[in-house]
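S.K.: Spelled out from the first residue to the last, the chains are:
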Amino acid sequence: MSEEQRLLSRAEIESLIRKTIGFVNSDDPRTNVTVLGWWNAELKWARNRVSISGERRDVTIRVSRRIEGSFGEAHTNQIDDVSLMSVVKAAERATYVNPRQEISPFPLQSPNLPRPDAAIWSDVTADITTRQRADVAHQFTSEALSTSRVSSGYIEMRAGEIATCIYEPDKPIKIQYDTYTQSQCSVTVRDLQKKASGWAGLSSYDWAAINSSKLVKLATDKCVASLDPVALEPGRYMTILEPQAVVSLCDPLIASFDRVEGENGASPWWLGMDTALRLPKSKLGLRVIDERITISHAPAHPLLGVLPVEGLAPVSWIRNGVLSSLIYNRSYALSRLNENDPVLSRNAYEISGGNVSMEQMIESTPRGLIVTRFSGVSKIDGISLLCSGFTRDGLWLVENGKISKAVRNFRFTESPLFMLNQVISVGPSVPVFRPITDPYRPGVSPAIVPALQVNDFSFTSTIDAI
Amino acid sequence: MKNMNKDSMNYIINRRGAIKLGMVGLSTPALMENEIHNPFLERHSERDLISRAIDILSSRKVQFADARYTFSRDRSIEIGRILDTESIHIGIRCLIDGYWGFASSPITKPEEIERLCSVAIENSKANSILQANSVILSVEDSYENGSWTTPVEVDPFSVHPLDIAAEIRGVFSYYSFRGYSGTLEFRFHNQKKSYGSTDGRMFDQSVYRSTIAATVANSAQWRRPLVIGPAGTGWEIYDPTSFREKSDRLSEEMKEDAKLPFKPVDVGRFNMILGAASTANLLSGTIGLATELDRILQYEANATGTSYIDNPAEMLGRLKIGGQHLSVRGNRTMKGGCATVGFDDDGVRSTDFPIITAGILSGVQTTRELSQLITSVPGTSAMTRSTTGGSIKSTGCAHSPSASEAPMPRTANLEMIPGQNNSSLEDLCAEAESGVLFSDMNIQMDFQQSNGFGSGLCYEIKKGKKAGVLLNAGVLFKTTELWNGLKGIGGRSSAQMFGLAHVKGQPNQIAYHSVSSVPAIIENATIIDIMRKA
Amino acid sequence: MIFRYGILAAIATFLIVGNSLESQTRFDWPDKRVDVASYTRIDQCLGAANRVVDSVEGGTLGIKDSIKLKDLGPFTSHDSSVILVAQRCTASFSLERIPDSYTLLAQRALLLAHRYPEVIKLYQRKLDNLNSLTERGASLDTIVTLLSRARPAKIMLADSLVENFQYKLDSIPSTNRLSIYATLCTTSYRAFSAFLMNKYCSKFVEVVYSMEQSELNPGLITNAIIAQKFINFETLKDSLKISTDAYVSALVPLMRKVTRGLPVPGDTTLGTKAAPVIGDFWNPESARDTVYPRIGRVSLVISMPMVAAENLPQLASIAVLRRLVQSFPDLDIIGISGTTGYFGPLEPPSPERQAQLLHSKFVDFYKIPIVSAITDNPFWKLPDPDRRRANTPYQYPEAFTVAYASLLGWANLAGANIFNTFAGVLIDADGRIVDWVNFSTFTEEHVSDLIGILDVRAKR
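Residue numbers (numbering that gives the first Met the number 0), protein chains in the order written: chain A, 0 to 465; chain B, 0 to 533; chain C, 0 to 459.
If you're looking for bench data, these hints aren't it; they were derived computationally from the structure. Just so you know, not all the hints are guaranteed correct.
Okay, derived cross-link-like pairs now, DSSO-like style, lysine-lysine, Cα gap no bigger than 30 Å in a straight line [claimed, not checked]:
(1) 477(B) / 404(A)
(2) 60(B) / 392(B)
(3) 18(A) / 108(B)
(4) 366(C) / 170(A)
(5) 462(B) / 262(B)
(6) 282(A) / 272(C)
(7) 60(B) / 124(B)
(8) 280(A) / 378(A)
(9) 193(A) / 319(B)
(10) 486(B) / 262(B)
(11) 366(C) / 245(B)
(12) 378(A) / 191(B)
(13) 216(A) / 193(A)
(14) 378(A) / 465(B)
(15) 193(A) / 465(B)
Every beta carbon over 12 Å from chain A, so not counted as near; a handful from chain C, in silico [as the list claims (entries may be wrong)]:
(16) 25
(17) 127
(18) 175
(19) 232
(20) 245
(21) 259
(22) 329
(23) 380
(24) 383
(25) 448
Beta carbons: idealized from backbone N, C-alpha and C, even for Gly.
In isolation and in its complexed conformation, chain A is listed as follows (with noise of 0.2 Å):
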């Protein structure tokens, strides 16, 4: 199958943008259009057999109109000429419901900042084949027929693209267009007799990047470990984290690097007011983790490009436990700091790695427990971060600097920035299983992060699924 089956072209997409903004009919015509499209091929199994394998594709017209000041919007995924006209006249409808807002007398300039060049397409995950696909959950599944297991997983490529184009009268037509891919892959293999429970996952922008047979083997030496558990009194424990636990209880953490509510209020990154500047304060420049961790991301970085933006330029949140930088829009450059750039959000991070391996963090374990990852983490408090959510797939007890038994899963009550003020020791970052499950949603969300082992790791009580 070519590719212009699975993507509408370049060219395609251009002339769709420009042919609606040409059924724009007013006397104020700025418009903004975004097009994007998709392509995800999908493999599920379960119980050792591919229960579907399928592909889809899609496409989304966004369509929002501005009218001396109002605005409206409307969305179609059809690209014929009555609907686009249609789609054009449904925004400009909207415009007349929703109230007037501001206007400004100088036209939105585009800001012209730069754009960082990131790898996030990949040949080899756009021009998977159908029989591929089937090859690896074929591995997958006849490994666990050959060691009497269950094995259930997932594995997806996609290759998207969006165009943007905003419109102004008297000014040439600008598309900005982007195209990007994103693979995942992940397996759980259980025992026959649901005693144990074992989970591997990759995701990455390059299915060359995930070797499959790493992952059958991880999860299933996993699943075999983790035969028979038993209960443990929930405590606090030294706890070793791997990556993927990680990197689900920092996701919150790195949601809440917002520059406007740390300086007002409900952030953790809130200080409090400076009687003397009267200028509401953050913590920044203040020590808020352990010395050891640096949390940043780098555009350029081949492991963690997202979709290049204009503006986004590499940033550090957290410098040597330091917090250095957090999020502020253009507007908030502007006129707090008289600068031009702002810092933008991105899908992406990596936290800095150190080397001591997970062998020797376990060897410098007591007592402790090693978790694989976490389930269902929510937030509970925005000001802490507290979090809750259920360990899975793995939780075994050190004892003396050795593995000593499969345990149940816990559920937790941990902050993330608890656990990055208890650190002992760091393993190296790697990445991990962090893709963007809605196709709709564009781009790639990767991130690096290392194994950690933390003292006094909050578990409030044991459940009894595996």
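Assemble the complex: chain A is given as a structure, and chains B and C must be docked to it using the hints.
M.R.: Structure of chains B and C alone, referenced to chain A:
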């Protein structure tokens, strides 16, 4: 169905209103410069397309195949924002040698239909050549040309958005008139679906879902949501008088709560009284999800998880999930339910069926494929599963949010059978004498729906009355212990219906279902402080 | 051409006819016509009446018209078709059938249908049903606001409503009373009802007088001073005809009456000679060599805001200012400001560029011929990583600060914020400060009269 806007000519909004709703761009110069792509040449009715797909698939020796065409409309209106979204999808699913293949697209041209059929078949065959498998589908009653529409009184899309905007302003004036404030948003969804399958079933179905999402605020600190729906109804979901009354009641309730003392929660075992909304959330999380047969059989093991019901062949008719007050039915015909349809996405007529009868597990939620696996031992490999030769019928729980997505089993509407003695929430509080009351509760379940914890607005009950608001209160529970502690439930007049959404599957799909529930008392619930660490 | 229209017409036909064939998304909206006959429920009907007026008005009173200097005037009446819909719609519903919860919807429809006595009855019933004083106060407040917003012409209606409830008004919370009186005071001014203006402005001031000293805030004081000016406007005008001194000596006691005899910040500058305007950047550049305010010219010194976008009252202020420029071509308008280091969405400009942009915004966009004097504002930056700009405390000469309204930046007044608009200092031809004025549709006539008198005096 009444249509609120008939074509009578009383008044046409003039230019100053700028409602140029006629043809857009009759004089658009830009349009003229473009070559007109004539839509007449490309137009096909949904039925034509579906028939074409079924013809192609039938000629390709498939065991079973079906095709869906959906036209979805969504409209949300709040003050300052109206958003219309429309989308059309076509999806093909086929079963060859025990493997399902799927393909979908937004393009509704005949060439694309042919391509989709080929892609779906290719996806099935790519797997079937590697390993043998068999899938048996239940034998269902046949019909031709089925047709079903959510019984709405007024089509919400026939109500003029400007009328709705005026209505919202009217509500806001009323709020300020009564001395409080709030927000209000209307959301409407309609999906027209045409379905055809190679075993001769065809239907057209139009499903509506309406939601009112509002908040009422007495002050910055005292703000509570007022949500009606989502429900399978039309514009009639909004009754101006009762909506205003509900808002007033909520505002009054907050004023009363403000007078109560605020207390830190006492950790321990207490009687727990559940408002109908709390019961609905708990039923959905602990019973609705856990009795989906695909979860039970580990189809979701790598995604949202499995179920504490892990051996349906043994557990059906034996497993005691709750006290004898607990009877729950799955119901896809319930009036006003979000999951109420005429036909499910396997083409099976909707039905209602028991899930829990007097505390005992009496049914699970299935599709045509899964219904054949009830007697199989979950966790065993596909080849060793036993089947029932098509004799057990599906409960009709296949669902896909649109033709873009492949169907999968989803929770039906749940109907909790109310108690005989007609008690209200107040009666239950009086009966409990002391304890805690959760009027609304969010729950978080583990990946087998067996343990969970709930938290939400919680009151201390003393002498049958609210004696204080408990801060950070939560309840920790195990599904079977929770429902076995069920001591009493509300009567028929205390039953309420709530609309809930869940995300499931790989790729993720969102689906809605309604729960009709009554207030309940649970003995010896474990009350915790959700902010307390170990 | 015929061919092209042929295709377009075909598409149009398709849009209308092609109901059952769905291979396009067409975003159908229901018919835009209001079919009164089909409405069987009162809420449908009332909603429709409101919808029609909403669509027709479409918020047009705002930005667009003030900028185009197209004055709608307070008495613009509705399209007759709107009245017709409202009349037909309300005709089928008697007052008794309208439940309390529809009071507000019904109010608007009845007003549109010119059924005024019934509006009053509706409210009397509603207010009678309310028991709590707070609620009654809040309700009356809302009704009055809505009535006056609906049309200033309905001021008589609001008046009779308030009259009917006078005995209850005395017991409602003072914040509600203040707000009711303030609304009626300004609305009646706009509706040119001298009698009502006097009545309600006086009541407003009375309430302020009756309040504890501790309850007063700058916003309230400012508003009370403006109300005082409304009430005593004829006297003030007559004294200004004599001299600036006479005006100031009439005004200052009025102001201090509000503050119980305490001086109002800046009131001592009234009548004094204005300090020369200072600026690092002048536009036009030639203005640098002239001393402003110029002797022999009536001047207005206004502050120029450093924001890119404007809200509605501010733009309405600009429109008022522009009408003043048209009426008084000899008026000197001097804009003062300090640089802030940013300007709209542009890259942070140099102070010179910022001054230029600000000037051109007034001259080219607002079309207000202005002489601008902009000071380079000293600032420092907080250390990295905070890096916020902190302006060094900076005070424009005190001479330009009158009655809490600092000319640098918008008047940011706490309290009842009914006059939150553009402000300036009025200076006579001798270079003496006459008054602090603000430019809103409420005060437009007032300001215009004062400038007129000064203009005549200057030319004498």
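S.K.: Can you give the numbers of the hints that this structure goes against, from lowest to highest?
M.R.: 6, 11, 12, 15, 16, 23 and 24
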